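Number of protein chains: 2
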Amino acid sequence: MTTSPETIHALDIATHMELRQFLSDARSRIDAKLDRLLPRESVEPVKLHAAIRWSVFAGGKRFRPLLTLAVGETFGIVEDKLLPTACALELIHTYSLIHDDLPSMDNDDLRRGRATCHIQFDEATAILAGDALQTLAFKIVSEDKTLSAEKRLRLIADISSAAGTPQGMVAGQALDLDAESRNVSAEELEQIHRLKTAALIITSARCGAIIADVTESDLEAVTEYAAQLGLLFQITDDLLDITATAEAIGKTPGKDRRSEKATYPHLHGIDAARDLALTVHARARAAVNQIERSTQHLSAIADYILNRTA
Amino acid sequence: MTTSPETIHALDIATHMELRQFLSDARSRIDAKLDRLLPRESVEPVKLHAAIRWSVFAGGKRFRPLLTLAVGETFGIVEDKLLPTACALELIHTYSLIHDDLPSMDNDDLRRGRATCHIQFDEATAILAGDALQTLAFKIVSEDKTLSAEKRLRLIADISSAAGTPQGMVAGQALDLDAESRNVSAEELEQIHRLKTAALIITSARCGAIIADVTESDLEAVTEYAAQLGLLFQITDDLLDITATAEAIGKTPGKDRRSEKATYPHLHGIDAARDLALTVHARARAAVNQIERSTQHLSAIADYILNRTA
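Order-wise, the sequence lines are chains U and Y.
In the numbering used here, each number is its position in the first sequence, counted from 1, plus 68.
In the numbering used here, each number is its position in the second sequence, counted from 1, plus 68.
Source of the hints: derived by calculation from the structure; they are not laboratory data.
Accuracy of the hints is not assured; some may be wrong.
Where chains are identical, the list cannot tell them apart; a pair therefore holds if satisfied intra-copy or between any two copies.
With a Cα cut of at most 30 Å, we get these calculated DSSO-like pairs of lysine-lysine [what the hints assert, rightly or not]:
| # | residue 1 | residue 2 |
| --- | --- | --- |
| 1 | Lys129 | Lys101 |
| 2 | Lys219 | Lys129 |
| 3 | Lys101 | Lys219 |
| 4 | Lys149 | Lys219 |
| 5 | Lys149 | Lys213 |
| 6 | Lys219 | Lys115 |
| 7 | Lys101 | Lys115 |
| 8 | Lys129 | Lys149 |
All figures in this text were calculated on a predicted structure; none of them were measured in a lab.
Turn these sequences into a full structure, and let the hints steer you where they fit.
Encoded structure:
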């Protein structure tokens, strides 16, 4: 069994091409907006701002903000109302990567094929760059005048739950560090990923739905879709870490700190992990089908993650 | 010239006693509120939550939340409406201390007479504890139902500007790190302190005023008062670092990383730094006098900082 599109899931070619165009166009607009939102490198403290930009413009896939845009647009919201929050989510994600890469955490020198923030600059600057990115994320949402005050607060509350502890990303990272020193069960592994990776992916999708003022049942469907997407993302990440070349994933394969322990292929075996990816992908598509809208972008994104090679 | 109350500024004894009682009572209520706002140590991830509580309940003076309460109460606001924001500001302050103490930053093993977070736990946990505290701070303000949505957003915007970059605390810390490796001018030193220390003190006072919906001129007076207070705090801190005993300040005197460089006593000499403290104190009281309210707590706080011995 391979992870190529032919065997695992046949993407409709037209949808696939259209999705690629959507993702590519949206990425450009996300990057342009991020550029406008971040302090210039010429502004003091120059080194801090250079470090922030180094990490934000490090070739990330913009998966989380794309999800916000895709969900929001599914419910008919214009991009202007989605972009600030989408960018804020990317900044939270970037801050978490900078801190995760630090020597006392995952100790990664390389990310997406280039030096991590603390290698390119220094550890203190990397810590501060992460801190500042988190602050900026909340500032951006709080000041987004295209949304009502109530809506901005709902977004901030949702994002802060997903990013913090005990129900969010930082809690997941703490549990993951703890798991390093011992064997974890499949349940514990799922909990770690749910918090560390899926929580921010879920809020990224939910934010698009919150901005669109969707019904409670649509919000539930979006949440379920994104939860499965988050899990799928992690499983394919674990698989890629084992099977891909360094060139394709931009880091040393097998370098994953958890590669000997808390990964799906390790716990279940590679084939079973691939089967699990298919099951989770089917669940994501089933959740999308509950939404009575044109949801082909959301389905295509699920296909795209299942078939990703980087 | 000494910094004793007798010679520098004669505090009115009754006001002094009353202020001490106010500060002591308010501190208890701040601590009780913080206890309710933080995840319990029994909740997973246990180590992360233990680290958070270790640092939040490390015997801090609660200066920033006290300032929020004092300003708010000066304008007739009940404490219930002030406490959540006040606590959020203390969490931002605590996060900054945890990260400042890290080996790659100030590398401090001891704070307020006890082990710093990364010594008591480990570096990764300390980084995450700081990250989570910042998240929680914004969450608390966003969910404070005692305040209107518009007001909560004004608070978040003000706090995030003061905590981030280029106009806030993280920028100040970055400039301070940069100043370590070279001589700084008096102007640079003032800029560093304005961002690193004063910005959060200023927003702590401003938040009390924002909650009270004060006039623009009152907000300006509060801002000016707090700006002088922040400067005073830093000058007295620098002086204490040179003159106090380890027992009194809970850290090794002279340990201050900047003690040989970017401090007021170093740049101006001890006597001139004390004179500057008096000038700044007078400016703080002058700002307070522009407010047509019963401002004795605000004046007494300025006196208290001028005369502090720890």
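| said: To test your reading of the hints: which numbers does this structure violate? | reply: 6
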